[in-house]
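Q: My request is simple: use the sequences and hints to build the entire structure.
Single-letter residue listing:
Protein chains: 2
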Amino acid sequence: MKHSKKERQRLLKDKIASDPFITDESLAELFKVSVQTIRLDRLELSIPELRERMKHAAREHYDEVKALAPEEVIGEIIDLQLDKEAISILDIKEEHVFYRNDIARGHFLFAQANSLAVAIINDELALTNKASVNFMRQVKIGERVVARAVVTEAGKAKTLVEVTSKVNREVVFRGEFTMYRSRL
Amino acid sequence: MKHSKKERQRLLKDKIASDPFITDESLAELFKVSVQTIRLDRLELSIPELRERMKHAAREHYDEVKALAPEEVIGEIIDLQLDKEAISILDIKEEHVFYRNDIARGHFLFAQANSLAVAIINDELALTNKASVNFMRQVKIGERVVARAVVTEAGKAKTLVEVTSKVNREVVFRGEFTMYRSRL
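Heads up: the sequence lines are chains A and B, in that order.
Residue 116 in full-length UniProt numbering is what sits at position 116 of the first sequence, and the numbering runs on without skipping anything.
Residue 176 in full-length UniProt numbering is what sits at position 176 of the second sequence, and the numbering runs on without skipping anything.
Please keep in mind that the hints were generated in silico from the structure rather than gathered at the bench.
Hints are not guaranteed to be accurate.
[Said to hold, decoys possible] What follows is a set of in silico ranges between Cβ atoms, one per label pair, in the way DEER data are often shown: (1) E71(B) with A69(A): 20 to 30 Å; (2) N101(B) with L160(A): 50 to 60 Å; (3) Y62(A) with D102(B): 25 to 35 Å; (4) E170(B) with A69(A): 21 to 31 Å.
All C-beta atoms, glycine included, are put in the ideal place defined by N, C-alpha and C.
A: Pasting the structure below:
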């Protein structure tokens, strides 16, 4: 069902308030209008684009990565509290998918999650010891993967990091990483 | 203890016969001579370099990859029997390691193993469902990782692939991949 512009803008505002990580593409689908229309709606309502909303939603000042160089992180870190939690986003592009079917290759989802699990460690040396991962659904080119890492157990011998990656709030990947660090 | 050249060449020949995947670097260390000396020894003994030995050791004709384009495989496949077993080698270079400590990043070992687990599947569509991996020891720049994948259970709903990756016969990575395929 199509809504009037006014009605749509009201619903759009509510929707974004309740789900700040929703993409313009998903909103367009939801309201059965073009992505361009959603962009114009957002402009009129002064709602920033998703990436800006995510940065805004994240803490203004977050910790700096210690265990690796920031440019070594796969994806873009938008929030980081060392030894607590971290969030990164990865836009799936051509270089991440199989030629044949545009499905994201598993090792990129793994790399995003794994590098976030390394980045969250408050130590100059953090190495992955074990990982147990589940690929819950295929991720396609053009989708934005939001990974959230949480430290569930911190010890020198073993730091456990759980990572959940979502596309439009749907879980696409889950991983548990057992990390080694040089000190605590 | 240093050996005479003749003695060393005899031992070298035996060593390579018993461990065809040994690198020149390891041989140099073993015999306490330079890598250059080992190369000259091999030349005199007409023993081809490691990569050639590995290709030779592998079956002359092996299957073609079906589930992905050959250039999408991370590492170089040197043996492949679809739905049975496969071997690939990956030379760890600058682009695979952390700037800081020259240790290979986990996701490259994962990618080598995972793409081998995809490549082994005799189907046009093979996707990773789950993976459980262990990083047994750090791999450094300049090392050559030999991954061997074996299908331990083949079914449409679930094909299990076990991958063991070694450097100089020492296990550095172990992974079990649960793969999905479109048909059997």
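Q: Against this structure, judge whether each hint is valid.
A: Each hint tested on the structure:
At about 28 Å, the beta-carbon gap between E71(B) and A69(A) stays in the expected band of 20 to 30 Å. Between N101(B) and L160(A) the CB atoms are about 23 Å apart, so this pair departs from the stated range of 50 to 60 Å. With their beta carbons about 28 Å apart, Y62(A) and D102(B) fall inside the hinted range of 25 to 35 Å. Distance hint check for E170(B) and A69(A): the Cβ-Cβ separation is about 28 Å, which falls inside the suggested range of 21 to 31 Å.
Hint compliance for this structure: hint 2 is the single one not met.
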